[in-house]
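Colleague: Sequence:
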Amino acid sequence: MTLFFQLLVNGLIVGALYGVVAMSFVLIYKASRIVNFAQGEFLLIGAWTCWWLLTKFQIPFYLGFPITLVFMLIFGVVLQVVVLRPMIGEPIISVIMVTIGLSIVFQAMMKWMFGVFAKPFPPIFASPTVNVLGLEVQTVYVVSLAISILIMAGFGWFFKYSRLGLAMRATAFDQQVAQSLGISVRQMFAMSWAISAMVSAVAGVVVGVVNGVSSALSFFGIKVFPAVILGGLDSVIGAVLGGLIVGVLENLAHYVDSQWLNFGNMYEIAPFYVLIIILMIKPYGLFGTKDIERV
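Numbering of the sequence shown is given in the UniProt record's numbering, commencing with residue 1 and proceeding in unit increments.
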């Protein structure tokens, strides 16, 4: 039972990270109707940037981490303006193929710059683990849970009360109406990519601190995709709930596999079983908008 509760707590914490990255997926999709298949590479670039600042320049983590977020914010804007803005008006499949191409390019670039082997972060916290209700949990996970909750609360406030958030919601609802109200759709697109890159970098740094930084980190973005589909591709609340469900489910699958099944890979494939089932039963997800087309 100790192992069960340990995995349950880990699942909730990792699920919160999944929820944060899933919100980044949803943010770009709501603003531009594009599924960003380079989302995992945002995590990878953010983690390598923070690692480089801490190891190359010996910058303390409390400075290196905010610098990384600012860099990723600028990176997201530049990427949208230089690469994706010229694609406005092109078929959606063309833009999706561009994001897949970006994923491959970023993967190759990171391997060329930093190598193919995992590299650990320098020690950040005085104590690597903390005791939570009698369970040993990594300190970085506890900190990441607090940061994830703050990001989720920030998203809620941003979209409900801020002028920019309301403008982004209007753009997601109808781009032509938003333009008629004086909202710059191009600026909203750039902002969505900037926020998405910055938020993804938070998850990338956390996972990098725990497991080391390597190209395998980008797979985190693919694992989040079932959470996005489960919650609904255009629902921020669904992204959070989907992330929590997938995080808990994969850890419970690991528990069942280690105790009884002994397949050895249930932890990795459980989210994709969920993806297949939800697409068969409720393809719009738990909170997604049903888009009915008449032919």
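Check the hints yourself; a few may be wrong.
Okay, derived cross-link-like pairs now, SDA-like style, lysine to any residue, Cα gap no bigger than 20 Å in a straight line [said to hold, decoys possible]: (1) Lys290 with Ile277; (2) Lys30 with Trp157; (3) Lys223 with Gln259; (4) Lys111 with Leu53; (5) Lys160 with Val140; (6) Lys223 with Ile34; (7) Lys30 with Val77; (8) Lys223 with Leu275; (9) Lys290 with Lys223; (10) Lys30 with Lys111; (11) Lys160 with Ile149.
Just so you know, the hints here were simulated from the structure itself, not pulled from any lab data.
Colleague: Indicate, hint by hint, whether the structure satisfies it.
Modeller: Quick rundown of the hints versus the structure:
1. Lys290 with Ile277: holds (17 Å)
2. Lys30 with Trp157: holds (17 Å)
3. Lys223 with Gln259: Since the Cα atoms of Lys223 and Gln259 sit roughly 23 Å apart, the hinted pair is violated (cutoff 20 Å).
4. Lys111 with Leu53: The given pair, whose Cα atoms are some 17 Å apart, holds under the 20 Å limit.
5. Lys160 with Val140: violated (30 Å)
6. Lys223 with Ile34: Holds. Lys223 to Ile34 sits at ~18 Å (cutoff 20 Å).
7. Lys30 with Val77: Roughly 17 Å between the alpha carbons, so the hint for Lys30 and Val77 holds.
8. Lys223 with Leu275: OK: Lys223 and Leu275 at ~10 Å, within 20 Å.
9. Lys290 with Lys223: violated (24 Å)
10. Lys30 with Lys111: Violated, at about 31 Å.
11. Lys160 with Ile149: holds (17 Å)
The structure fails hints 3, 5, 9 and 10 (numbered hints given earlier, in ascending order).
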